[in-house]
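Asks: Listed below are the residues making up each chain.
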Amino acid sequence: MKRSHRKNRNAVNAASLARWIVVTAFLALAGLSYVYLTLQLYHLGERKKSVENELISLRTQNDVASVQIAALTSRSALQRRLKEGYLKMIPISERDIVRLTVPARQADENAIQPVVNEPTTR
Amino acid sequence: MNPNSRSRCALVCCVFIALFSAFSFRLIYLQVIKHDEYAGLAAEKHVYKQTIYAERGTILDANNDVLAHNVPVETVVADATHLNDREAVVDLVGNELGIPTGQLAEKLNSERRYIVIKREVPESLATALRAKLRARNLRGIYFENDATRIYPNGSMLCHVIGFTDFEHHGIQGVEASMEEYLHGQDGYRYVEHNRVGQEIVPYRGQERAPRNGYQVHLTVDLNLQNIVENEIDAAIDEYRPKKATIILMRPQTGEILAMANRPNFDLNLRSEAKPEEMKNRAIIDMMEPGSTFKIVAAAAVLNEHKLRPDSTIFCENGLWNFGGVALHDHRAFSYLSVRDILIKSSNIGAAKLALSVGEQKFYEYIRRFGFGERTGIELPGEINGVIRPPRSWSKISITRIPMGHEIGVTPLQMTVAMAAIANGGRLVMPRIVKSITTADGKAISSLSPVVLRQVTSPETARQIGDALRGVVSDRGTAAAAAVPGFTIAGKTGTAQKVDPNGGYEQGKYVVSFSGYLPAERPEFVGLVVLDDAQTNKPELNYGGLIAGPIFSRIAEKAARYLDLEPHEEIRKAIPVERVALTNASRH
Numbered sequence: 782m783k784r785s786h787r788k789n790r791n792a793v794n795a796a797s798l799a800r801w802i803v804v805t806a807f808l809a810l811a812g813l814s815y816v817y818l819t820l821q822l823y824h825l826g827e828r829k830k831s832v833e834n835e836l837i838s839l840r841t842q843n844d845v846a847s848v849q850i851a852a853l854t855s856r857s858a859l860q861r862r863l864k865e866g867y868l869k870m871i872p873i874s875e876r877d878i879v880r881l882t883v884p885a886r887q888a889d890e891n892a893i894q895p896v897v898n899e900p901t902t903r
Numbered sequence: 004m005n006p007n008s009r010s011r012c013a014l015v016c017c018v019f020i021a022l023f024s025a026f027s028f029r030l031i032y033l034q035v036i037k038h039d040e041y042a043g044l045a046a047e048k049h050v051y052k053q054t055i056y057a058e059r060g061t062i063l064d065a066n067n068d069v070l071a072h073n074v075p076v077e078t079v080v081a082d083a084t085h086l087n088d089r090e091a092v093v094d095l096v097g098n099e100l101g102i103p104t105g106q107l108a109e110k111l112n113s114e115r116r117y118i119v120i121k122r123e124v125p126e127s128l129a130t131a132l133r134a135k136l137r138a139r140n141l142r143g144i145y146f147e148n149d150a151t152r153i154y155p156n157g158s159m160l161c162h163v164i165g166f167t168d169f170e171h172h173g174i175q176g177v178e179a180s181m182e183e184y185l186h187g188q189d190g191y192r193y194v195e196h197n198r199v200g201q202e203i204v205p206y207r208g209q210e211r212a213p214r215n216g217y218q219v220h221l222t223v224d225l226n227l228q229n230i231v232e233n234e235i236d237a238a239i240d241e242y243r244p245k246k247a248t249i250i251l252m253r254p255q256t257g258e259i260l261a262m263a264n265r266p267n268f269d270l271n272l273r274s275e276a277k278p279e280e281m282k283n284r285a286i287i288d289m290m291e292p293g294s295t296f297k298i299v300a301a302a303a304v305l306n307e308h309k310l311r312p313d314s315t316i317f318c319e320n321g322l323w324n325f326g327g328v329a330l331h332d333h334r335a336f337s338y339l340s341v342r343d344i345l346i347k348s349s350n351i352g353a354a355k356l357a358l359s360v361g362e363q364k365f366y367e368y369i370r371r372f373g374f375g376e377r378t379g380i381e382l383p384g385e386i387n388g389v390i391r392p393p394r395s396w397s398k399i400s401i402t403r404i405p406m407g408h409e410i411g412v413t414p415l416q417m418t419v420a421m422a423a424i425a426n427g428g429r430l431v432m433p434r435i436v437k438s439i440t441t442a443d444g445k446a447i448s449s450l451s452p453v454v455l456r457q458v459t460s461p462e463t464a465r466q467i468g469d470a471l472r473g474v475v476s477d478r479g480t481a482a483a484a485a486v487p488g489f490t491i492a493g494k495t496g497t498a499q500k501v502d503p504n505g506g507y508e509q510g511k512y513v514v515s516f517s518g519y520l521p522a523e524r525p526e527f528v529g530l531v532v533l534d535d536a537q538t539n540k541p542e543l544n545y546g547g548l549i550a551g552p553i554f555s556r557i558a559e560k561a562a563r564y565l566d567l568e569p570h571e572e573i574r575k576a577i578p579v580e581r582v583a584l585t586n587a588s589r590h
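If you read the protein sequences in the order shown, they are chains A and B. Residue numbers in the first sequence follow the working numbering, run continuously in steps of one, and reach 903 at the last position. Residue numbers in the second sequence follow the working numbering, run continuously in steps of one, and reach 590 at the last position.
Honestly, the hints are just simulated from the structure, not real lab data. Built from N, CA and C at the ideal position, the CB exists for glycine as well. Hints may contain errors.
Under the rule of at most 27 Å between Cα atoms (straight-line distance), these lysine-lysine pairs were calculated in the BS3-like manner [unchecked claim]:
(1) B:121 - B:110
(2) A:830 - B:121
(3) B:52 - B:37
(4) A:829 - B:437
(5) B:110 - A:869
(6) B:48 - B:121
(7) B:52 - A:830
(8) B:282 - B:437
(9) B:364 - B:309
(10) A:829 - B:48
(11) B:540 - B:246
(12) B:135 - A:830
(13) B:246 - B:500
(14) B:48 - A:830
(15) A:864 - B:309
(16) A:829 - B:135
Away from chain B, derived, C-beta distances all over 12 Å, residues of chain A [unchecked claim]:
(17) 792
(18) 793
(19) 794
(20) 795
(21) 800
(22) 817
(23) 822
(24) 825
(25) 848
(26) 858
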């Protein structure tokens, strides 16, 4: 009885089992890694997209600000502010200008002596 | 197993084999033979080519002040196949964008995948709409980045800058002529969408980055342009002319420093502008120049050594019958030197100068001064003007053309001709574009001055310049064009307006003044033209009295801005009223 019982027992091949465990573990790990990396890829894609959107948004804000600056500092805007009295400009009179260079004179300059009209008023 | 069972088993096996073989063949057919076709269909469904728009280049003045710029806007589009709740989308988008819901519903009531709902939606409005769509989980509406052109200075320099159409192609002014540089090159990217229309970033395909448009730097100085614009507005208020043009140009380089026309329009409201307001009259309007053209006859005579500046010519005491037709002077002159013919603006004298060089030679000088051909400025639509060859001239043409009749020239051609005198006889091509750079300032192209030809010798140009200085003196016709502290050289012009039905219109004149300052070392050449100026003293409707003072005011302010040093000794002033009485001339 004892003998036959012993005879029916299946022997476990430890080496084979270990091999299978390693292969299975490797395949499982590979599968999990694949899933993890794929998810990471999607996650990074989303992150990339969001950074891109952020960048576009910042560029847009920058452009809008540049346009506003250009509009506020334009000739017509400054002219308008001048008319509204927000700005005041006083012309510098000729006698207040000090010149450091002596103008060159040409010999024949006085061939015809021009005249000048008085500053006209409109 | 009996034979019967075995055969049944074999039959079942055969059926399975046949079935799976059929499946296998079908699979191979779909996956291998039909691969490209079905892959294409799948890609068509999920992959599309996204255009990445290039930013149009900016236009700047000589001091890097912005003249034309882009403002970011968005184009709202819909993919009808992605709409998950049409009614809610129509309500929300219609209300936010101010589109009648019926109209929007009709637009979206299709299965089209690309429907433009609205262009040029401001960034803030698009952001708000995007947030609301997300909050209500509505799908199928997308936003494309775009830009619209904005002109910070409104109507200033409008004819030079020009504008673009809604597809951002320049259709007038520098926007059109520099289209190649301003437009840039759009990029693209192949992207794949998931079921709900979101991009699957890892599946991005081929991509090409856009190349933004280059920056175009003009030669125009906005400060000088501002001076000119203020003066032309003042002239419009005072004289109510039908049209007016003022040009400032640097004679040595041909750089246009300022160019203004009236009527004009606001570039930001271009859809409201009338065609008449959109014309750059400096390059597309023809006029009979009147006496400013006398410089050509004088230059021809002096350059051909037919006469000297002090050679005298009998001016027939104000009335000369030539070819059976009378030619008048505004005053009776007996003998005038060549110089005085310009100073006094004698028609008879100018006619005799042209006669002394002959028709063919005179015509040659007209062409050498650049009349009858485009100047080559970088602006679209420039015309040649009308200069007929001598074989088409009548018997009296040789006496009428020297005083600026029977020809058609543009204001720019007249300015360029005067610049040739200021520039020692060298005819320079006028330029409006100074350089082209990338957005970060790297030079792409820098345009150098182009000397077209030597029209006259420097000596002849100097002699003409001397005479033109006399024009702006108490002896000349344009004393009112003088500027305190500076010597000015210039020439007045008063031409009767041509009647489109033939002949000339009575009492209607094109008055002009063209001159340069300082006469000894010209920094700029200017031209003022007023077409049909209205004045309460019609007897004083002359170039010297209307265009001259405008030039004077512009030149004075420009000289101050350019920091030109005034001559202390040139301070003596004579009242304009006296000038008007003593020198009034229709020439």
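Asks: Could you work out which earlier hints the structure fails to respect and list their numbers in ascending sequence?
Replies: 4, 5, 15, 23, 24, 25, 26
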